[in-house]
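The listed protein sequences derive, respectively, from chains A and B.
Its first residue numbered 14, the first sequence is counted upward by one per residue in my numbering.
Its first residue numbered 14, the second sequence is counted upward by one per residue in my numbering.
Derived by calculation from the structure, the hints in this document are not laboratory data.
Watch out, some of these pointers could steer you wrong.
The list cannot tell twin chains apart, which means a pair is met if one copy fits it or any two copies do.
Stated by the list, open to error - Straight-line alpha carbon distances no greater than 30 angstroms define the calculated DSBU-like cross-link-like pairs of lysine-lysine that follow:
#1 Lys419 x Lys72
#2 Lys68 x Lys218
#3 Lys256 x Lys239
#4 Lys337 x Lys324
#5 Lys220 x Lys424
#6 Lys539 x Lys499
#7 Lys77 x Lys535
#8 Lys341 x Lys151
#9 Lys424 x Lys520
#10 Lys256 x Lys420
Just so we're clear, the structure is a prediction, and the values are computed from it rather than from any experiment.
2 protein chains.
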Amino acid sequence: MITGKNYIGNLLSAKGNKTFTTFNPELNSKNTAVFTEATSAEIDEAVKLASEAFKKFNKITGSKKAAFLNTIADEILALDDLLIQIYCSETGLPEGRAKGERGRTIGQLRNFANLVAEGSWVEATIDTEDLTRASQPKPDIRKYNFPLGPVVVFGASNFPLAYSTAGGDTASALAAGCPVIVKSHPMHAGTGELVASAIKKAAEKTKMPNGVFSNLNSSGIEVGQKLVLNAGVKAVGFTGSIKGGRALYDLAANREEPIPVFAEMGSINPVILLPNALINRAKNIANIYAGSITLGTGQFCTNPGLILGIKSEGLTTFINTLSKEIVKINPSVMLHSNIKKGYVKNKEKVVSQEGVTVSANYSEYVQTNYAQQAVVTVDGKYFLENATLHLEVFGPFSMIVECENKKQLEKIITNLEGQLTGTIIADNNELENHANIVNALQNRVGRIIFNGVPTGVEVCESMVHGGPYPASTDSRFTAVGIGSIKRWVRPFSYQDWPNNLLPNELKNENPLGILRTINGEKSRAKIN
Amino acid sequence: MITGKNYIGNLLSAKGNKTFTTFNPELNSKNTAVFTEATSAEIDEAVKLASEAFKKFNKITGSKKAAFLNTIADEILALDDLLIQIYCSETGLPEGRAKGERGRTIGQLRNFANLVAEGSWVEATIDTEDLTRASQPKPDIRKYNFPLGPVVVFGASNFPLAYSTAGGDTASALAAGCPVIVKSHPMHAGTGELVASAIKKAAEKTKMPNGVFSNLNSSGIEVGQKLVLNAGVKAVGFTGSIKGGRALYDLAANREEPIPVFAEMGSINPVILLPNALINRAKNIANIYAGSITLGTGQFCTNPGLILGIKSEGLTTFINTLSKEIVKINPSVMLHSNIKKGYVKNKEKVVSQEGVTVSANYSEYVQTNYAQQAVVTVDGKYFLENATLHLEVFGPFSMIVECENKKQLEKIITNLEGQLTGTIIADNNELENHANIVNALQNRVGRIIFNGVPTGVEVCESMVHGGPYPASTDSRFTAVGIGSIKRWVRPFSYQDWPNNLLPNELKNENPLGILRTINGEKSRAKIN
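I would like the entire structure built from these sequences, with the hints used as guidance.
Pasting the structure below:
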């Protein structure tokens, strides 16, 4: 049952009078549950509880945190069909996607549970004392990663599970030892409340301090702004638009105490088609990209929105094939009527720019909120001169830039805004002859892909999901993979601290058996 | 010979007409060398050269970077007495300190040389493909740390060598693969130029790309501002005042492309005296602290500016002894007449606040620019209410806060601004009974010290020199130790990339023999 209330710690609360509903884009109608936006007092209470909870949560053992995370996963699974049904009703996404995303969310929670249960992630580093050193006695210093404090997580419109309430940001922050306050995404507030109820149950079952998690409803931007400006909040995780992410970054940077904001924002994910690949398999590549561009109605942050090639017969074949194939694909529904409206508006804006030619546009009748996929082309010189053409058109859309030559291609890549991904399609030995292109692309992206598609972000330790601004607000971190925990911790040193009062990770005995760096050497050994 | 010119890459340049000199505080007179401030054109040229140099420097081998860093160290040593003489004439610091700081600077350069020569610091992480995975084929993904791009380093007034031209920020950024542009500190521009000449020689000897290093003179704030706002600059390192660091942080955060600023700023380094320690050894502690407060004329960022204790006979004994002992120490000269003026002004400001009592103030005659050490006391209630009392008085000064009880002490600690260090002086088993105090202190500092003094920052891997704002602008990094390289790198992933075109760190053969994480396991093995 969806109550429409906020979770302020473990308590349901709805003190405000501003309400809203979610929307079923498939039915083009409002859903019935009514959600109450969190009030200023509820926001303050959630942060106060989180700050209190932090005093205990920052020191609980890795095995207890693991139990909490695994129980969250269990409780999400226990929501069973209800979760899938609400998810689909709030997003228009199909059941298969809902279940797949649930699996990914569960997997992420269990990955972080394993990480903190094992314990070496704290990067324990010990330099033992040397009282006889010639210059002066050398102290004993021991460092480990310590959580920052309460983290605010903003749910993403396009990933109601994996990047929202119990998604990667929440899982990594809880694993780090940071209480989490979720600003639930208004488009899937019901999904958010259900997942929040699972987290609340898990927190109670595993005896976590009250306030370790809260879930706040909001229909506009005020709740999020108040959260980011609250002095008790110590970091922010966000997935969404450049405009939204930058606004939060600016708010946080202008606080009396600035705090880190990791915002994963827009990206048009350039794909470079090298000449020989086009000569040998233009049609095949076009077929694959017709699928990638329209996957999930083009609503992935790694959607290939920009395709670059040098003018040639092969490129023309690619354009013609892609244009022919992409309109054969059945249109699908977008997440929300507002997202559909944004898609139409941004597509029109790009199409109206000088030099842009519409190469494919699904023109048959579609239901309300369904997206008509499109491909446009433009000459390199126009793209270089007009930043509007670099705009992300969120949806099943891609722009093909026809470059005059290798030099212009390199210049376009060099001048691109920061991106999550860059892809190069090349034939055998072709990559070697395009080192400048590869180097230029490396400087603009977080992940580079060879002969594949950017859609599909594998959840693994080696993944970088982030990149130079505006792909993210801080390219030094990733939003996916266990390394994403580093966003929420700081190194902390003990100097000459009594062994029995050190955290277990740093004690001589190494009671957790973790991998540590002792006087420069990696080891699981005890210190005598 | 000091030319007074800027190094724009490997070329000496002085196109501007704004000049300045440095100052000998011991003689209270200007030094003779005349420095020319960098012009806008010179700034742009330095950044342009750095951006060009980055294209090569970001991919050169660790062993070549190590040779460069080691040669810088050699060339600094080759400056011999001239460097020591200029250093002393620009700072008033004694020869012993100059040589000690040179040793530390050399040591840091060689540490980073060893780090990059070995190579495992890139945190290579590899997940191999699994084309038979049930859900969908798993791609091959390989991640390593890649440099951000040109870094601007601001020299610090109080560490002309170790935190300036070739100091920790420069050494770590070069080690990371980032070209460096130093905004030389105007108080020791001659020392800066000499060190810059050593770096330039080393760059030429080891065939580094021109632009890998530049050194710009400036007497005011404009050169630094222009550097931070230049689109080619990708990160900033700063050591200095809260006002200066925050101004740079704000500039960088408001750029179209925000960039990371690591500023290590002010700190008053609270020292907590627990009751039993005071009962048993108040006089001994006071003697040690008289030395720590006046060390280097109190001009260390870890100077103990705040001492907290609970009202007791022991605390009174401590105050009386410290007051008696500190005035026995011979006053010493400050770095610059402006720093002396700032010290006098800030001391007067604090002394004039309600509830503040001067307990010791060196009142005998001192030479111009020498600092008269002082100790003041104040009741806990005044300290809690008046943020002016939290002001850093840069110099040989400390404030003792007399708390009513344990609860007030804890409240004061909880409400402190972020600090580089916190120290607890306690007797056997006393720490166990003050867990709340320890926890509160841990939340406010980067390093916690038991029964010692905060002055003296050991250069080692386990050191954290940083902390919650305003000790630094980002508590997730340290300015000291090899971990400080992480400020200048971002993770970067290759997906399905041809093995022969991967960087050596990520190739199957592991030609560098570095420690990597392969499918979750640490290993130096090859991949078959």
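Here is how each hint holds up against the structure:
no.: 1; hint: Lys419 x Lys72; result: between (56 angstroms within a copy, 22 angstroms between copies)
no.: 2; hint: Lys68 x Lys218; result: within (20 angstroms within a copy, 54 angstroms between copies)
no.: 3; hint: Lys256 x Lys239; result: both (17 angstroms within a copy, 26 angstroms between copies)
no.: 4; hint: Lys337 x Lys324; result: within (19 angstroms within a copy, 84 angstroms between copies)
no.: 5; hint: Lys220 x Lys424; result: between (57 angstroms within a copy, 27 angstroms between copies)
no.: 6; hint: Lys539 x Lys499; result: both (26 angstroms within a copy, 28 angstroms between copies)
no.: 7; hint: Lys77 x Lys535; result: both (26 angstroms within a copy, 25 angstroms between copies)
no.: 8; hint: Lys341 x Lys151; result: between (72 angstroms within a copy, 28 angstroms between copies)
no.: 9; hint: Lys424 x Lys520; result: between (54 angstroms within a copy, 29 angstroms between copies)
no.: 10; hint: Lys256 x Lys420; result: neither (32 angstroms within a copy, 45 angstroms between copies)
The structure fails to meet hint 10 from the earlier list, while all remaining hints are met.
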